[in-house]
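Undergrad: Use the sequences and the hints to build the structure in full.
First to last, the sequence lines map onto chains R and D.
Okay, so the first sequence: first residue is 4 according to the working numbering, each after it adds one.
Okay, so the second sequence: first residue is 4 according to the working numbering, each after it adds one.
Just so you know, the hints here were simulated from the structure itself, not pulled from any lab data.
Misleading hints may appear alongside valid ones.
The list treats identical chains as interchangeable, and a pair is accepted whether it falls inside one copy or across any two copies.
List of simulated lysine-lysine pairs, DSS-like, C-alpha gap at most 30 Å [what the hints assert, rightly or not]: (1) Lys126 - Lys253; (2) Lys88 - Lys126; (3) Lys253 - Lys192; (4) Lys84 - Lys253; (5) Lys210 - Lys253.
Chain by chain, the residues run as shown.
Number of protein chains: 2
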Amino acid sequence: MAHLLGGIEAGGTKFVCAVGDEDGNVQARIKFPTTTPEETIAQVFAFFDQYQIEALGIGSFGPIDINPDSATYGYITDTPKLAWKNYNFLGALRDHYQIPFVWTTDVNVAAYGEYKKGAGIGKKNILYVTVGTGVGVGYISHGELYSGRSHPEGGHILMHRVEGDDFAGVCPYHGDCLEGIAAGPAVEKRTGKKGYELTPTDDCWQKEAYYLAQACMTYTLTFSPDIIIFGGGVMKQSQLFPMIRTEFLKLMNDYVRVPDLDQYIVHVALGDDAGITGSLLAAATVLA
Amino acid sequence: MAHLLGGIEAGGTKFVCAVGDEDGNVQARIKFPTTTPEETIAQVFAFFDQYQIEALGIGSFGPIDINPDSATYGYITDTPKLAWKNYNFLGALRDHYQIPFVWTTDVNVAAYGEYKKGAGIGKKNILYVTVGTGVGVGYISHGELYSGRSHPEGGHILMHRVEGDDFAGVCPYHGDCLEGIAAGPAVEKRTGKKGYELTPTDDCWQKEAYYLAQACMTYTLTFSPDIIIFGGGVMKQSQLFPMIRTEFLKLMNDYVRVPDLDQYIVHVALGDDAGITGSLLAAATVLA
Chain R
4 MAHLLGGIEA
14 GGTKFVCAVG
24 DEDGNVQARI
34 KFPTTTPEET
44 IAQVFAFFDQ
54 YQIEALGIGS
64 FGPIDINPDS
74 ATYGYITDTP
84 KLAWKNYNFL
94 GALRDHYQIP
104 FVWTTDVNVA
114 AYGEYKKGAG
124 IGKKNILYVT
134 VGTGVGVGYI
144 SHGELYSGRS
154 HPEGGHILMH
164 RVEGDDFAGV
174 CPYHGDCLEG
184 IAAGPAVEKR
194 TGKKGYELTP
204 TDDCWQKEAY
214 YLAQACMTYT
224 LTFSPDIIIF
234 GGGVMKQSQL
244 FPMIRTEFLK
254 LMNDYVRVPD
264 LDQYIVHVAL
274 GDDAGITGSL
284 LAAATVLA
Chain D
4 MAHLLGGIEA
14 GGTKFVCAVG
24 DEDGNVQARI
34 KFPTTTPEET
44 IAQVFAFFDQ
54 YQIEALGIGS
64 FGPIDINPDS
74 ATYGYITDTP
84 KLAWKNYNFL
94 GALRDHYQIP
104 FVWTTDVNVA
114 AYGEYKKGAG
124 IGKKNILYVT
134 VGTGVGVGYI
144 SHGELYSGRS
154 HPEGGHILMH
164 RVEGDDFAGV
174 CPYHGDCLEG
184 IAAGPAVEKR
194 TGKKGYELTP
204 TDDCWQKEAY
214 YLAQACMTYT
224 LTFSPDIIIF
234 GGGVMKQSQL
244 FPMIRTEFLK
254 LMNDYVRVPD
264 LDQYIVHVAL
274 GDDAGITGSL
284 LAAATVLA
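TA: Next up, the structure:
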C-alpha cells in the first residue's frame, strides 16, 4: 500500500518541493527561488496544503542545527544568507503540519537518494559531494544519515595549494578553502567566465581536478567511504572525472587500498533529482 | 562477577599486552619492542598463555584490514615497517586462542579508552589524535568504534602550508602531509633536536600549533566530533594546547558552532594508558 510522502530540497538558490511514495517516485513537484524565509515558506505551505502527506523529509542548506537536544534544533544557523540566519525552519513546518519529520542537510538527502536508488546501490558508506555555487558534503554511514555533534561541512576544508596557484579564493569565511577555490564562483573569478563557457581543455580544469582529488584524499583518510559521488553544476564538466582519478592516484601514492577508481570516484546517477528523491526516501524512514 | 580479559596495544615501536577486567582495570602487563612478527608474536603468546582470558581486544598499528568480508581481514597491509607488511596478525592470534576478538587500530582503542574512562566520558563522538613518531586518528561514533570501508588514516591529510614554511616534510608516502610536517621526526628534522630538547617558546611550536589547529578544523568539518583529544609524545608539550585553540578559532572564523575550546581540544586524560585500557574495554564488548 503506497504512502503519500513529502520532500523538500531547500537549497540556497532554489527550493524543490515534491510529493511521492516511499520508493522515492515523485508524483508532483514544484520549484521556486529561495527568497526571504516568510515568502519562501508560504510557497512551501501552498504546495503541501494540497495533499495529505504522512511524513516530510527536509534537506536544507546550512549550516543547520541537527542536535535534537539543542535549544535551536531545526534552525538554520550561520549561513551567509543573512535573512535565513537563525531561522527556525523546522519549527515553522512543525507548527503547520502535525506529522513526523526528517531534518537533515540538502547534501545528506542527496547522499541518501544515491544510496537507495543511485550510484551507491549495494554500498553502505556513501560520500556525496556537490560542487556548484558552493561545495557541500553529505554522508551515509552504514546505511544511515551521518551526524556527529553536527553534520559534515566538508566543503570548507583548507587545501594544500598547487605550486604556482596564488588565487586568493572567494569564501567569505575562509578565503581559499575548497569551496573558496573550487566552487563555481571561484572558477568564474579565476577565468572571468562561467564554467560552461570554458573549453574542456582550459587550464582551469587541471587545478580544479587537483583540488577535488585532494578533497577525495581527505575524505578517504577520514570517513573512509565505499564510494565518492560528485554532483552539482561544476561536475557536469565530465572531462574532470578521469583527471580527478589520475590526480587522486598520484596523491595517495598507494598508502591505503581503495576500490577501482572508475567505481570509486563517480558522477551522481540520479542527476539533479538526487536530493528530492532522497528527501522522499528519508521521509519513508519515519513512517509509523 | 569479574571476567578476565586480554588487551594488546600493538604499536610500531613497542607492544603492550595486559590482562584485566571489563572496567579496563589492568591486573598484569608487559611491554616489549616491536621486532619481527615471529619474535614479537612469540612474546605475546608467552604472556597470555599464563592466563585464562575470555576475550582479547587488539589495537594495532596499520594500515590494517578491518573488513570482515575481505580475504585479508586481520592483516596489517601497507605499513612502511616491511617485515609486518601483509602479516596475518589476527590469524596468528586466532590460531592460538579460541576466544572472541576485537580487531581495530591502536588509535581506535585509545579513543575507546578515553570515551569510557577518560576525557570523553559523557560524550558520544570522540576523536583521538596521537602525535608521536607518526600522526594517527581514532574515532568513536555514537559510542562505537568507527569504521567505513576501512579505518581513518587522518594523519596523512594534506595541509595548507603556513606562509614562509617550505619544509619538505618527511612522510615516505606523501612528503608534507600532516604526519610529514608535524610528527616527532618532522620536529627533529626541522630543528636538529628532539622535541623535548627544545624550549617551550621555540619558533617550531608556532608552526606545529598551526598545523594541528588546521587538522582540528578538517576533523570538525568532516566527522564533527564532540571532543578532540590529543595524545602522543609531541603533545606532552603542554604549551601547544592554548596555541592550537587560538589558531583554530582564527581558522574556523565562526563558520560552525563548536563547544567551548577548553573543553573541545584537550589532552588525553588516561595518558599513556589510553590504548591498553581501551583494548580491555573493547574486549569486554564481545563477552558472551
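Undergrad: Given a CA cutoff of 30 Å, do Lys84 and Lys253 count as a within-copy pair, a between-copy pair, both, or neither?
TA: between (38 Å within a copy, 21 Å between copies)
Undergrad: For the identical chains here, do Lys88 and Lys126 meet the 30 Å Cα criterion within one copy, between copies, both, or neither?
TA: Between. Shortest inter-copy distance 28 Å satisfies the 30 Å Cα cut-off; intra-copy 35 Å does not.
Undergrad: Given a CA cutoff of 30 Å, do Lys210 and Lys253 count as a within-copy pair, a between-copy pair, both, or neither?
TA: both (14 Å within a copy, 26 Å between copies)
Undergrad: Given identical chains, is Lys126 near Lys253, meaning Cα to Cα at most 30 Å, within a copy, between copies, both, or neither?
TA: within (25 Å within a copy, 38 Å between copies)
Undergrad: If the cut is 30 Å between Cα atoms, do Lys253 and Lys192 qualify within a copy, between copies, both or neither?
TA: both (28 Å within a copy, 25 Å between copies)
Going down the numbered hints, you'll see the structure goes against none, and every one checks out.
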